[in-house]
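Asker: If you want the building blocks of each chain, they are given just below.
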Amino acid sequence: MNRSRTILLVEDNPNDVELTLRAFEQSKIKNEIVVVRDGKEALDFLFGTAAHAGRDLRNAPEVILLDLKLPKVDGLEVLRRMRADERTRRLPVVVMTSSNEEQDIISSYDLGANSFMRKPVDFSQFIEAVHQLGLYWLVLNEPPPG
Amino acid sequence: MRLLPKTIRGEFGLFAVSLALPLVGLIGYGLYDRARDEFAATETRTRRLAESSADRAAQYVADLRNTLEAIARRPLVRAMDRARCDPSLADLVDLYPRAGSLIVVDNEGMILCSSRPLPRDRVLRIVDEDLLREMLADPRFRISKPVLGRVSGRWVVSAVQPVFGEGGAAVGTVAMATDLLQWRPFPTSDGLPEGAVITVVTADGTVIARSAEAEKWVGRKAWDERIVQQVLGLKEGVVRAQGPNGVDRIFGFKQVAELPWFVLAGLPEESVFAPARERLAQTGTLLALVVGLVLALSWGLAARISKPIRAIAEALRARAEGNEDVKVPVAGPVEVAGVARELNRLIEASARAERELEGRVRERTAQLEAANQELEGFSYSVSHDLRSPLRAIDGFSRMLTEDYGARLDDEGRRRLAVIRENSRRMGRLIDDLLDFARLGKKPLARSAIDMSSLAGEVYRELRAANPEGAPVFDLGPLPAGWGDPAMLRQVLANLLSNALKYVSKGRAPRIEMKGWADGDHNVYCVKDDGVGFDMAYYDKLFGVFQRLHSEEEFPGTGVGLAIVQRVVTRHGGRVWAESKPDEGSSFYFSLPKAAMNGFAVPPAAPGDRK
Numbered sequence: 005m006n007r008s009r010t011i012l013l014v015e016d017n018p019n020d021v022e023l024t025l026r027a028f029e030q031s032k033i034k035n036e037i038v039v040v041r042d043g044k045e046a047l048d049f050l051f052g053t054a055a056h057a058g059r060d061l062r063n064a065p066e067v068i069l070l071d072l073k074l075p076k077v078d079g080l081e082v083l084r085r086m087r088a089d090e091r092t093r094r095l096p097v098v099v100m101t102s103s104n105e106e107q108d109i110i111s112s113y114d115l116g117a118n119s120f121m122r123k124p125v126d127f128s129q130f131i132e133a134v135h136q137l138g139l140y141w142l143v144l145n146e147p148p149p150g
Numbered sequence: 106m107r108l109l110p111k112t113i114r115g116e117f118g119l120f121a122v123s124l125a126l127p128l129v130g131l132i133g134y135g136l137y138d139r140a141r142d143e144f145a146a147t148e149t150r151t152r153r154l155a156e157s158s159a160d161r162a163a164q165y166v167a168d169l170r171n172t173l174e175a176i177a178r179r180p181l182v183r184a185m186d187r188a189r190c191d192p193s194l195a196d197l198v199d200l201y202p203r204a205g206s207l208i209v210v211d212n213e214g215m216i217l218c219s220s221r222p223l224p225r226d227r228v229l230r231i232v233d234e235d236l237l238r239e240m241l242a243d244p245r246f247r248i249s250k251p252v253l254g255r256v257s258g259r260w261v262v263s264a265v266q267p268v269f270g271e272g273g274a275a276v277g278t279v280a281m282a283t284d285l286l287q288w289r290p291f292p293t294s295d296g297l298p299e300g301a302v303i304t305v306v307t308a309d310g311t312v313i314a315r316s317a318e319a320e321k322w323v324g325r326k327a328w329d330e331r332i333v334q335q336v337l338g339l340k341e342g343v344v345r346a347q348g349p350n351g352v353d354r355i356f357g358f359k360q361v362a363e364l365p366w367f368v369l370a371g372l373p374e375e376s377v378f379a380p381a382r383e384r385l386a387q388t389g390t391l392l393a394l395v396v397g398l399v400l401a402l403s404w405g406l407a408a409r410i411s412k413p414i415r416a417i418a419e420a421l422r423a424r425a426e427g428n429e430d431v432k433v434p435v436a437g438p439v440e441v442a443g444v445a446r447e448l449n450r451l452i453e454a455s456a457r458a459e460r461e462l463e464g465r466v467r468e469r470t471a472q473l474e475a476a477n478q479e480l481e482g483f484s485y486s487v488s489h490d491l492r493s494p495l496r497a498i499d500g501f502s503r504m505l506t507e508d509y510g511a512r513l514d515d516e517g518r519r520r521l522a523v524i525r526e527n528s529r530r531m532g533r534l535i536d537d538l539l540d541f542a543r544l545g546k547k548p549l550a551r552s553a554i555d556m557s558s559l560a561g562e563v564y565r566e567l568r569a570a571n572p573e574g575a576p577v578f579d580l581g582p583l584p585a586g587w588g589d590p591a592m593l594r595q596v597l598a599n600l601l602s603n604a605l606k607y608v609s610k611g612r613a614p615r616i617e618m619k620g621w622a623d624g625d626h627n628v629y630c631v632k633d634d635g636v637g638f639d640m641a642y643y644d645k646l647f648g649v650f651q652r653l654h655s656e657e658e659f660p661g662t663g664v665g666l667a668i669v670q671r672v673v674t675r676h677g678g679r680v681w682a683e684s685k686p687d688e689g690s691s692f693y694f695s696l697p698k699a700a701m702n703g704f705a706v707p708p709a710a711p712g713d714r715k
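From first to last, the protein sequence lines are chains R and E. For the first sequence, the residue numbers in the working numbering are 5 to 150. For the second sequence, the residue numbers in the working numbering are 106 to 715.
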């Protein structure tokens, strides 16, 4: 199976990035984690454009952790573009965000998010959540054939 | 009771009728009065006719008597000499023009002489024997009953006068017959009113003279004798009766002086009633025309007033029903048109006011919507932007503890713990605040709720999450609720978790939940036996972030009761509480019964209760 088992983390807040990486680390998840800081970069990575030109697109990420509030192109727009493209249509997307606004949840699922997770303020809970998430998406979940 | 509807037309009609009625009454009375006068005049006329005829008849008889007396005194007659009497009698007849046919009879009734040539030797009893007998018994002037003459074959009455001889005794009788068909003791016929009939009858009702159709009636009984007696017993007067030929007449009557003869002068009632009827018909027609004209005029006048008023009412109704382009038609009398003009101004003014109001409402709504949007943006920002730094504070504090904890002393680690504790607490505050804010805008999805089973379920969940202690939960039967299930679940959860939090730490902690109906609301009560609170701070009880106990004693953000109040208020209910320090608290909330919202509560299915 020609898969990279990469995790794509789309997150603009460096603190959150650090915390997330720490949480993965503490959860003993060893997969490569690619971090992009805004929606545009996320799309560039996924479609091999701009800074990511020439990337082997067959190495699709195992799961994408997508924040909604992002500079340039927001999370929902990223999701919409992904779902519109044959290459990324079926990639598992977990929306990870600070809010649990009903409207955000509804929009995310409408646009084809596979999961919605609210980042807990309590770091212990956050670590637990990341652990569960990694276990599920990287171990239990059967990814789309690609 | 009103016969006519209370409309302008009705009022005008009533007015016209009330004018017409006395007019009709007056004219009707006038007609009646005139008819009565005419009737009285007719009565008088019949009486005069009767009197005048009776006088003529009496005069005739008196003349007859004088004539017969004069004849009876003649020596030739007194001599009762058959051989000489005839020529002299013929002379006498010439002398006395009234003496038509004269005869002289002796006491046996034998004719001694006659003014007409008769078979002298024959005993002709021309005069009836009863009369002759009366004459012998009491010799004086008499008039016989009407008899059919034996010689002439005509109806006659005979006047008889005794002839006294030398000795003064009656020796014979002079008789003179009057042909009744010739006898007309009436005013000349051109003096008779039209239709007038004068009849002379004897006491037994036999007609002896009649002004019309004499041949038919003379000698016959015209009326029943008894009636004649009854009526004529009065001697004179007026009576209304049916005449012998079946015509209703007014009769004046009078007895002929000193004779058993009566004169009846009749005028047909028709002669009085016909002109009266004709006048009635003419006047009535005229009156009907006038009254009809007045009614029509008043009807038309009423229409001229009421029609524009109806049009105004119609326009106003259309306006009230929302048609804003309606103009009240300005028509009709000046006053009505004035009202219409003023109404138009009023309508315009109210439309202007409405437009202004609508404009203001739109403006306000826009402002409110903007404010609402800002608030939503605010809460979105709060949930997003405030939580991230908090997470960083907490996360990095923990990382610090984990990575560098060994290098810190106890005080340093404690302070880091304080930082983490406060960041977590702020996270809870933000969450609760957001929950509270969301409650205000979320629409209510009401349905019937089995409150007993909901309360039991909520309590079990709370106990499962916090299994410390073992309070007694006394859940009484609760009336069914009508509301948003998720929100009311929140209310019960907040109240019950409060009760669990504050319930006494003593030996038999106890939480009670009861419910009952109170008018159109159901009331629910959650009671604990815990620390309670001082009612002096009651005002703060349901405020956001208001706490009556220290965080150390009882953890919490102070939003729970505020949420309870907001939910219950949105359901149209009320929240209140009673407490004394150390004696427990009772929290009450009420919910309108379903019927208040126009719905019926469906009975809970047996499976609903868990």
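These are calculated hints, taken from the structure and not from any lab test. Keep in mind that the hints are not guaranteed to be accurate.
As the list claims (entries may be wrong) - Heads up, incomplete: computed chain R residues facing chain E, CB under 8 Å, no partners named:
#1 Asn17
#2 Leu23
#3 Lys73
#4 Arg94
#5 Ser102
#6 Val125
#7 Asp126
It should be emphasised that the depicted structure is a prediction, and the values quoted were computed from it without experimental measurement. In this text, a Cβ means the ideal position worked out from N, Cα and C, and glycines have one as well.
Asker: Each hint: holds or not?
Answerer: These are the hints, each one checked on the structure:
1. Asn17: Hint on R/Asn17: holds, closest Cβ of chain E at ~6 Å, below 8 Å.
2. Leu23: Because about 4 Å separates R/Leu23 from the closest Cβ in chain E, which is inside the 8 Å limit, the hint holds.
3. Lys73: holds, 6 Å
4. Arg94: Where the cut-off is 8 Å and the nearest Cβ of chain E is about 29 Å from R/Arg94, the hint is violated.
5. Ser102: The hint holds - R/Ser102 has a Cβ within 8 Å of chain E, the shortest such distance being about 4 Å.
6. Val125: This interface hint holds because 3 Å falls under the 8 Å limit.
7. Asp126: With Cβ-Cβ at 5 Å, under 8 Å, it holds.
When the structure is compared with the earlier hints, a violation turns up for hint 4 alone.
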